[in-house]
Amino acid sequence: MDSSLVIEFWGNKEVEWTSCGAEGAFGGMLIMWKKNLLSLNFSFRGEGFVGVNALWNGNSYNFMNIYASCNSGRRRRMWNNLLDFKHMFGNDNWCLGGISMLFAKRMSVLVCLQGGIFMWFKDAGNAMSRLGRFLLTVNIINIWKISWQ
Numbered sequence: 001m002d003s004s005l006v007i008e009f010w011g012n013k014e015v016e017w018t019s020c021g022a023e024g025a026f027g028g029m030l031i032m033w034k035k036n037l038l039s040l041n042f043s044f045r046g047e048g049f050v051g052v053n054a055l056w057n058g059n060s061y062n063f064m065n066i067y068a069s070c071n072s073g074r075r076r077r078m079w080n081n082l083l084d085f086k087h088m089f090g091n092d093n094w095c096l097g098g099i100s101m102l103f104a105k106r107m108s109v110l111v112c113l114q115g116g117i118f119m120w121f122k123d124a125g126n127a128m129s130r131l132g133r134f135l136l137t138v139n140i141i142n143i144w145k146i147s148w149q
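Position 69 of the sequence shown, counting from 1, maps to 69 under the UniProt record's numbering, and the rest follow consecutively.
Read the hints as simulated data drawn from the structure, not as lab findings. Note that the coordinates shown come from a computational prediction; the quantities given were computed from them, not determined experimentally. Check the hints yourself; a few may be wrong.
[What the hints assert, rightly or not] Calculated pairs, DSS-like style, for lysine-lysine (alpha carbon to alpha carbon, straight line, at most 27 Å):
1) Lys-145 x Lys-34
2) Lys-35 x Lys-13
3) Lys-86 x Lys-34
4) Lys-13 x Lys-86
5) Lys-145 x Lys-35
6) Lys-13 x Lys-34
7) Lys-86 x Lys-35
[Said to hold, decoys possible] DEER-style ranges, computed between Cβ atoms:
8) Asn-12 x Asn-142: 28 to 36 Å
9) Asn-139 x Lys-34: 32 to 40 Å
10) Lys-145 x Gly-97: 32 to 40 Å
Even for Gly, the Cβ is constructed at its ideal location relative to N, Cα and C.
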């Protein structure tokens with residue numbers, strides 16, 4: 001990922017970003033935010049996710065972009081790694097997006113905002129995923145005053 005492509009996605013130069021590269025058929029992930037909106041503490045990456053820990057409006061947040069593999073072993077490792085991160089930064093607010101909801105129940109303190117059943121299909125329905133979902137900590141729901149999905 002290079003700056004010119006990120007600026008083209010965003011529409012102007014007022015953007016900061018972090019990403020992880022492509023791996024096999026998986027095309028990589030990108031998190032973008034308006035320049036000077038967040039105070040970035042650090043970014044982090046793992047198998048199937050990229051995230052940022054940042055201050056915003058006086059609160060610390062972890063924003064993560066997740067790709068859960070169709071391979072159950074990789075997906076399980078990803079969720080275990082996410083749990084490790086959550087335990088390290090457990091008191092922060094969490095916003096996880098782009099999730100395949102399999103194993104999402106293990107992040108039990110998070111609230112799942114739901115819609116349709118599946119958004120991605122492979123091999124005539126042999127593999128299905130719930131992409132485009134978000135998990136938020138209850139504290140974020142209260143801070144952002146989210147009362148509906």
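The hints, checked one at a time:
no.	hint	verdict
1	Lys-145 x Lys-34	holds, 21 Å
2	Lys-35 x Lys-13	holds, 8 Å
3	Lys-86 x Lys-34	holds, 25 Å
4	Lys-13 x Lys-86	violated, 32 Å
5	Lys-145 x Lys-35	holds, 24 Å
6	Lys-13 x Lys-34	holds, 9 Å
7	Lys-86 x Lys-35	holds, 26 Å
8	Asn-12 x Asn-142: 28 to 36 Å	holds, 32 Å
9	Asn-139 x Lys-34: 32 to 40 Å	violated, 22 Å
10	Lys-145 x Gly-97: 32 to 40 Å	violated, 19 Å
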